[in-house]
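Work out the full structure, taking the sequences as your base and the hints as a guide.
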Amino acid sequence: AQSVTQLGSHVSVSEGALVLLRCNYSSSVPPYLFWYVQYPNQGLQLLLKYTTGATLVKGINGFEAEFKKSETSFHLTKPSAHMSDAAEYFCAVTPSGGSYIPTFGRGTSLIVHP
Amino acid sequence: NAGVTQTPKFQVLKTGQSMTLQCAQDMNHNSMYWYRQDPGMGLRLIYYSASEGTTDKGEVPNGYNVSRLNKREFSLRLESAAPSQTSVYFCASSGDGGVSNQPQHFGDGTRLSIL
Chain A
-2 AQSVTQLGSH VSVSEGALVL LRCNYSSSVP PYLFWYVQYP NQGLQLLLKY TTGATLVKGI
58 NGFEAEFKKS ETSFHLTKPS AHMSDAAEYF CAVTPSGGSY IPTFGRGTSL IVHP
Chain B
1101 NAGVTQTPKF QVLKTGQSMT LQCAQDMNHN SMYWYRQDPG MGLRLIYYSA SEGTTDKGEV
1161 PNGYNVSRLN KREFSLRLES AAPSQTSVYF CASSGDGGVS NQPQHFGDGT RLSIL
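Top to bottom, those sequences are chains A and B. Residue numbering for the first sequence follows the working numbering, beginning at -2 and increasing consecutively. Residue numbering for the second sequence follows the working numbering, beginning at 1101 and increasing consecutively.
Hints are computed from structural coordinates only; laboratory data are not their basis. One or more of the hints may lead you astray.
[To be verified] In the DSBU-like style, the derived pairs of lysine-lysine whose C-alpha atoms are separated by at most 30 angstroms in a straight line are:
hint: 1; chain 1: B; residue 1: 1114; chain 2: B; residue 2: 1157
hint: 2; chain 1: B; residue 1: 1171; chain 2: B; residue 2: 1109
hint: 3; chain 1: A; residue 1: 46; chain 2: B; residue 2: 1114
hint: 4; chain 1: A; residue 1: 46; chain 2: B; residue 2: 1157
[Said to hold, decoys possible] Derived coverage of chain A by chain B (criterion: at least 3 residues anywhere in the stretch with Cβ under 8 angstroms from a Cβ of chain B; other residues may be distant):
hint: 5; segment: 34 to 48
hint: 6; segment: 99 to 108
The beta-carbon is built from N, C-alpha and C at its ideal position, and this holds for glycine as well.
Here you go:
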């Protein structure tokens, strides 16, 4: 079984500041990892995913995440926050070669101050 | 491209009433899912369907039934609505066919209130 922990239910940053959203996972087999974003009154949209290969993954809207196996982490970053980045962010994991049903974290709400 | 379409977008029910939430996808995906989203709880899987003709229980199936009508459509039914079922319901699909590296595609949700 796998689990996902997102540290901090809310993260607040100023516009132009670095965004760092944390995700740690536990999995008995190598995982596939995903970040999704949810804007108000919308469904989740894929930001980026790690399956195999390069551990630094670039996604949409200037976001990227790095898979660190030794730290069992997949933190999401963006160098400079924009007001339009305010949303809920979810980390998800599925085990490679196993069940395709993802396990989602509880989400982190990103608040961007002008 | 429509992607995943959910109807209705909003619904208010009285306790004990029944209703069916509809979901359709136009991406030729094999797998479909129903989730509920509650504040502080993230997404919880209610039921899923790996392919046409199959359905399986997720984490919180009690009080719900599902039907995979065909490859495109996957409906969720509340037989006797209870206030605890007030939530936002999301349908999702993925083109995995059992491959776990495929992302899910979500509809915009149905906001359901039960009085």
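_Hint compliance check: list the failing hint numbers for this structure, sorted ascending._
Of the numbered hints given earlier, the structure breaks just one, which is hint 3.
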